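Student: The chain contents come next:
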Amino acid sequence: EAAVTQSPRSKVAVTGGKVTLSCHQTNNHDYMYWYRQDTGHGLRLIHYSYVADSTEKGDIPDGYKASRPSQENFSLILELASLSQTAVYFCASSPDTSAETLYFGSGTRLTVL
Amino acid sequence: SQLAEENPWALSVHEGESVTVNCSYKTSITALQWYRQKSGEGPAQLILIRSNEREKRNGRLRATLDTSSQSSSLSITATRCEDTAVYFCATDASSGSWQLIFGSGTQLTVMP
Chain B
34 EAAVTQSPRS KVAVTGGKVT LSCHQTNNHD YMYWYRQDTG HGLRLIHYSY VADSTEKGDI
94 PDGYKASRPS QENFSLILEL ASLSQTAVYF CASSPDTSAE TLYFGSGTRL TVL
Chain L
-19 SQLAEENPWA LSVHEGESVT VNCSYKTSIT ALQWYRQKSG EGPAQLILIR SNEREKRNGR
41 LRATLDTSSQ SSSLSITATR CEDTAVYFCA TDASSGSWQL IFGSGTQLTV MP
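So the protein lines, in turn, are chains B and L. If you want this note's numbering, it's the position in the first sequence, counting the first as 1, plus 33. Position 97 of the second sequence, counted from 1, bears residue number 77 in this note's numbering, the numbering being contiguous throughout.
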């Protein structure tokens, strides 16, 4: 079964600090994604990647950077964390484009104080 | 306005009852997906229905797709307490964009 693991599971950060969220997949999928979920809302795409060493902007990239050093790993970086970035972040992978299944990790709950 | 939207926002049923969640979308699509998200977990896909399909089943789940009215439904029969979750529909935004767009979800509570 497809496996996407995220770390940490939860994190508390200070405003203005740097935060790195990590994601690792063992699915051998080309596509990886970072989504943000706010309470009571759906998921919004932040960044995605379809090949190592390349990332693309999603719908809400401002304030976030992404890094894809290998096919298996995809990181989301908040250089200067802000209160508005408090949310749950999900990583996902898929074998191909949007018309295929996304396999999600369990999420990272980020609280910025 | 959202490109995909579920309704109702929330609903409750008793175990054994059937329930239907509806989804409306605003773009032409190649496929529509239904996901379920249990508390503390990531979303998990339930059904993927392509634009040339009208109905798809997966055990107790049945999804329909009507591209003319840009709507879909997900029905669950013989509900169980473990079906309690948020249910999302998600569509690919066509016109060259591959992104999967999620609605805000329907909170389903199944009571004993």
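Derived from the structure by calculation, the hints contain no laboratory data. Quantities reported herein were computed from a predicted structural model and do not represent experimental measurements. Don't be surprised by glycine CBs; every beta carbon is placed ideally from N, CA and C. One or more hints might be untrue.
Said to hold, decoys possible - Cross-link-like lysine-lysine pairs, in silico, BS3-like; alpha carbons within 27 Å at most:
1. L:Lys18 / B:Lys44
2. B:Lys98 / B:Lys51
3. L:Lys36 / L:Lys6
4. L:Lys18 / L:Lys36
5. B:Lys90 / B:Lys44
6. B:Lys90 / L:Lys36
Said to hold, decoys possible - Quick partial rundown of chain B residues pointing at chain L, CB under 8 Å, derived from the structure:
7. Pro41
8. Leu76
9. Ser108
Student: Hint by hint, which ones does this structure get wrong, listed from lowest number up?
Tutor: Failing hints, ascending: 6, 7 and 9.
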